[in-house]
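With the hints as constraints, model all of the structure from the sequences given.
Okay, here's what each chain looks like letter by letter:
Protein chains: 2
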Amino acid sequence: MTRQGDAGLRESGDLQLRRAVIESADSLYYAHGFHAVGMDALRQHAGVSLKLIYRLFPSKESIVLAVLDYRHQIWAGEVTAAVERAESPRERLLAIYDYLAGWFRAENFRGCVFINAFGELATESPAVAAKAAEHKRDFRDYMDQLAVDAGFSAELGDQLMLLAEGAQVTAAITGDASMALKARRAAEMLLSVEEARPVAGTASAL
Amino acid sequence: MTRQGDAGLRESGDLQLRRAVIESADSLYYAHGFHAVGMDALRQHAGVSLKLIYRLFPSKESIVLAVLDYRHQIWAGEVTAAVERAESPRERLLAIYDYLAGWFRAENFRGCVFINAFGELATESPAVAAKAAEHKRDFRDYMDQLAVDAGFSAELGDQLMLLAEGAQVTAAITGDASMALKARRAAEMLLSVEEARPVAGTASAL
DNA sequence: CTTGCCAGAGAACGATGGTTCTCTTAGGCT
DNA sequence: AGCCTAAGAGAACCATCGTTCTCTGGCAAG
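One line per chain: the protein sequences are A and B, in this order.
First residue of the first sequence: 1, per my numbering; consecutive thereafter.
First residue of the second sequence: 207, per my numbering; consecutive thereafter.
Be aware that one or more of the hints could be misleading.
To be verified - Chain A stretches covered by chain B per the calculated footprint, using a threshold of three residues with CB under 8 Å from any CB of chain B:
id : region
1  : 31-38
2  : 102-116
3  : 132-140
4  : 156-165
5  : 171-185
To be verified - Only some residues are given here: those of chain B computed to face chain A with a beta carbon under 7 Å:
id : residue
6  : Ala242
7  : Gly325
8  : Ala338
9  : Ala339
10 : Leu369
11 : Ala373
12 : Val375
13 : Lys388
Hint data in this document are derived by calculation from the structure and do not stem from the laboratory.
Every residue gets a Cβ at the ideal spot worked out from N, C-alpha and C, and that includes glycine.
Written as structure tokens, this is what we have:
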């Protein structure tokens, strides 16, 4: 950990530091909003110097983008894990709502960070707007794939996604965690409709 | 329009001015975000002096709250009008999605101002957070009432509301206006389920 | 031990925010 | 006509932001 020329160790140290800064930024930004958390608050919470932060990131915007990447990975990992835990194709499609129910009840729940980031930063940062759009499209594609894999239409995946998004905003704004359950029951009804009238040309034909 | 003591005329003039400022603020805040629009930009767009603005409103926050009130009235009026235009109880429940479809296609569409305001200002302004919550609860109550009036359960109203909210955020972030139609088709399926199995203790029993 | 480099702490800087103040001017009343 | 009020324009004020710079101290190499 000594020589300047030792690129390997320096790089790995930087990666650890980056992660520490990102995790600090993540919790602060999520709790208080992006504008409300200045670089000084981040420096203090992360316990590093401003100089170091600006060696790791060229600007605050790049930290925000890194946080969004970080959150996307966490979200994708946890959602995938919840789905994998489900025991039937039908339960795989409904697992998202149980995951949301647990999340909504967390005491630090403040809605979807991508929706919040879009509302707060989209006009001043096209990069943030693009990241939010990418995240939502990714989630939509995932639900579509899940639906198709279970023998339903891709459109049903879209509909399940809309219910999940609606539950997230409504739970965040009104503070009503029961929205996850309401969304789940709506999803169950949608599944029952397509089960009664199966879609042509899907995996169910195999 | 002359004397200072003429409280009546002074008041009515102030009301007109208030409305002009609120309308300017509304279009600017919606287009660019709340933080991004300073008092000077508002002064310029509204064509009035800063001094006048601060005589009409004690602070920027109060302007934001006034804008939210203004938007809520517009939303409620337009949604109600769209619902009244529908010709069957079933169509009354679905009218919201056609209204959303038209809105999403507007070139200045940037999502629900209450969701955006919540994401941007909730942490620094409890009053804004409360207004957003009030708006969403009002919409939910309205959909619940519509559902009950049409002989469905109030929970179906909640579900229709979640679909509408999901469509708003998803359309705003991804720019995909077809979300309104997807939400409508999901809503139609939910209606068909409850139609097949009517709910006890509703208006249909009368 | 001396020298030189690097990181940390925090001041400094320029921009911008919301809010207030000053100065000027126009107009109605006695 | 002359004053008094009020309004407009915009500078001033103070805080805070993101970003950069300076100063200082410690540690490794020679």
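Each hint, compared with the structure:
1. 31-38: Since 5 is at least three, the answer is holds.
2. 102-116: holds (count 5)
3. 132-140: The restraint on the region 132-140 of chain A holds, since 5 of its residues have a Cβ under 8 Å from chain B and three suffice.
4. 156-165: Holds, because 7 residues of the region 156-165 of chain A bring their Cβ atoms closer than 8 Å to Cβ atoms of chain B.
5. 171-185: holds (count 8)
6. Ala242: Constraint on Ala242(B) satisfied, holds at 5 Å.
7. Gly325: Check passed: Cβ of Gly325(B) comes within 3 Å of chain A, closer than 7 Å.
8. Ala338: 5 Å, holds
9. Ala339: Since the shortest Cβ distance to chain A is 5 Å, the answer is holds.
10. Leu369: 5 Å, holds
11. Ala373: Hint on Ala373(B): holds, closest Cβ of chain A at ~6 Å, below 7 Å.
12. Val375: 5 Å, holds
13. Lys388: Holds: closest Cβ of chain A sits about 5 Å from Lys388(B), inside 7 Å.
Checked against the numbered hints given earlier, this structure breaks none of them.
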